[in-house]
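Residue numbers for the sequence shown, in full-length UniProt numbering: 1 to 409.
Bear in mind the hints are in silico, worked out from the structure with no lab data behind them.
Every value quoted in this text rests on a predicted model; they were computed, and no experiment measured them.
Each hint should be verified, as a subset may be incorrect.
[Claimed, not checked] In silico DSSO-like cross-links for lysine-lysine, where the CA-CA straight-line distance does not exceed 30 angstroms:
1. Lys270 x Lys366
2. Lys113 x Lys70
3. Lys92 x Lys150
4. Lys70 x Lys18
5. Lys70 x Lys311
6. Lys150 x Lys218
7. Lys311 x Lys18
8. Lys113 x Lys152
9. Lys270 x Lys244
10. Lys218 x Lys70
11. Lys113 x Lys18
12. Lys366 x Lys401
13. Lys227 x Lys185
14. Lys152 x Lys135
15. Lys214 x Lys150
16. Lys73 x Lys218
17. Lys135 x Lys154
18. Lys115 x Lys92
19. Lys92 x Lys73
20. Lys152 x Lys92
21. Lys185 x Lys169
22. Lys244 x Lys311
23. Lys152 x Lys227
24. Lys270 x Lys135
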Amino acid sequence: MFSRDRWQEIFQSIGKNKLRTFLSGFTITLGILIFTILFGFGNGLKNTFQEFFVDDATNTIWLFPGRTSKPYKGFATNRRIEFRNDDVSDIKEDFTMYLDYISPRISRGGMAKYKGESNTYTTRAVSPAYQFCEKTIIMKGRYLNENDIKEKAKHIVIGRLVEQDLFGKENALGKFLDIDGIVYKVIGVFQDDGGDNEERLIYMPYTTRQLIEKNTDKIDQIIVGFKLGIGYSGAMAFERSLDKYMRNKHVIAPDDQNGIFIRNVADQVKQTLQFAGILQMVVAFVGIGTLLAGIIGISNIMVFVVKERTKELGVRKALGASPGSIVGMVLQESIFITTIAGIAGLVIGMGILNFVGVSLEEFFIKNPYVDTSTVVKATLLLIFFGALAGYIPARRAARIKPIVALRDE
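Produce the entire structure from the sequences given, and follow the hints as far as they go.
This is how it looks when you write it as structure tokens:
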């Protein structure tokens, strides 16, 4: 293996057969390169699906009122369902074993003004528990608390970009903001990993919004956070129980698909990640197919290479070379070429992933990467089959009698 003479022979052989060596190495490099890129893209797709849920809690169930599409128990069809404050308190009381937190939500648009600056923003009237749902990060001040709800305080928590838009370099904390003619005190500034749209929101107590809207007790949606300990099956059971409970309370037919809508984030996350996993498997399958094509290619090339060198091997045997030394030389050359080409494909592939990674986000491929161990294993696999591809024909050629080998054309 470490014979200087043998290495000299190998490099002489490579130098005399540049095209053959290039084709052999190119097959290996291309196989590893394509495998690395495809596998990295598969991981990038999976990252995109996971990133989709990063800014919100995954243990939430959202309830939306609708309009009935069927008559039921004396009530006419097309009846509008309305959620109220007692729905929140009843769920809190009757589903304690499942419940982690619960919050109503009322969404409205509004024109916000501060001094000479103004802009239109979405306001969300919520309870303090809503912070857990959106994973809101407080930068300054505080979030809404129970006293704000109880006192129906004109307090707001604004997004980072709202402060930037209206207040510039001025600290918004403690300042007063006019929203549709009503003045609110800014008690907090938040940031959100969900992006710019999430950071242009304004939160206020839901009781304050209800007071403004003629002291109503209506709410738009209910967000229920369930305990993580109940698991996926428990979350699905909770969803079914909650659906039945709300249908009974609001007199909605069990098979009415439009009376009430429920979105279970846990179920969506599972389905999405399963889909991402399938995509990754498909991409990996294509990558493995590329590896197999590389293996077949290098095998065919090595068969041709050994056949081409039959006369040379015959001369070596005639001069006293043993079959083992001949096989060892061909095997060492095959492993050397395969290793160098495989490492080149690995380096080029990972370099391409690092170079194009950020630019692929618009194609829903975020931070494409591939584990080093994965591509190293793939490279070792190709090296093994490259060695095997060289060993089998070399062993066959080493058994040929010198006189027969010398007659080969």
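Verification of the supplied hints:
Proximity of Lys270 to Lys366 is assessed by CA-CA distance (about 19 angstroms); at most 30 angstroms being required, the pair is judged to hold. For the proposed pair Lys113 and Lys70, the alpha carbon gap of about 45 angstroms is over 30 angstroms, so the pair is violated. About 17 angstroms separates the Cα atoms of Lys92 and Lys150, which keeps this hinted pair within 30 angstroms; it holds. Proximity of Lys70 to Lys18 is assessed by CA-CA distance (about 79 angstroms); at most 30 angstroms being required, the pair is judged violated.
Taking the CA atoms of Lys70 and Lys311, the gap is near 89 angstroms; set against the 30 angstroms cutoff, the hint is violated. As the CA atoms of Lys150 and Lys218 are separated by approximately 16 angstroms, the hinted pair is consistent with the 30 angstroms bound. Our distance criterion of 30 angstroms between C-alpha atoms is met by Lys311 and Lys18, whose separation comes to about 19 angstroms. For a cut-off of 30 angstroms, the pair hint linking Lys113 to Lys152 stands: about 21 angstroms separates their Cα positions.
Using a Cα cut-off of 30 angstroms, the hinted pair Lys270 and Lys244 holds, with the two alpha carbons roughly 23 angstroms apart. Annotation: proposed proximity of Lys218 to Lys70 holds, straight-line Cα distance about 23 angstroms (limit 30 angstroms). The straight-line distance between the Cα atoms of Lys113 and Lys18 is roughly 74 angstroms, outside the 30 angstroms bound, and the hint therefore fails. Only pairs whose Cα atoms come within 30 angstroms are accepted, and Lys366 paired with Lys401 is rejected, the gap being roughly 59 angstroms.
For the hint linking Lys227 to Lys185, the alpha-carbon distance of about 34 angstroms lies beyond 30 angstroms, and the restraint is violated. For the suggested pair Lys152 and Lys135, the alpha carbons sit about 23 angstroms apart, so the restraint of at most 30 angstroms is met. As the CA atoms of Lys214 and Lys150 are separated by approximately 17 angstroms, the hinted pair is consistent with the 30 angstroms bound. Simply put, Lys73 and Lys218 have alpha-carbon atoms about 23 angstroms apart, close enough for the 30 angstroms limit, and the pair holds.
For a cut-off of 30 angstroms, the pair hint linking Lys135 to Lys154 stands: about 23 angstroms separates their Cα positions. Straight-line distance between C-alpha atoms of Lys115 and Lys92 comes to about 42 angstroms, which puts the hinted pair past the 30 angstroms bound. Only pairs whose Cα atoms come within 30 angstroms are accepted, and Lys92 paired with Lys73 is accepted, the gap being roughly 27 angstroms. Distance hint between Lys152 and Lys92 is fulfilled; the C-alpha atoms sit about 21 angstroms from each other, no more than 30 angstroms.
At most 30 angstroms may separate the alpha-carbon atoms for a hinted pair to count; Lys185 and Lys169 meet this at roughly 18 angstroms. Restraint check for Lys244 and Lys311: not satisfied, since their Cα atoms lie roughly 84 angstroms apart, outside the 30 angstroms limit. Straight-line distance between C-alpha atoms of Lys152 and Lys227 comes to about 29 angstroms, which keeps the hinted pair within the 30 angstroms bound. This hinted pair checks out: Lys270 and Lys135 have alpha carbons roughly 20 angstroms apart, not beyond 30 angstroms.
When the structure is compared with the earlier hints, violations turn up for hints 2, 4, 5, 11, 12, 13, 18, 22 and for no others.
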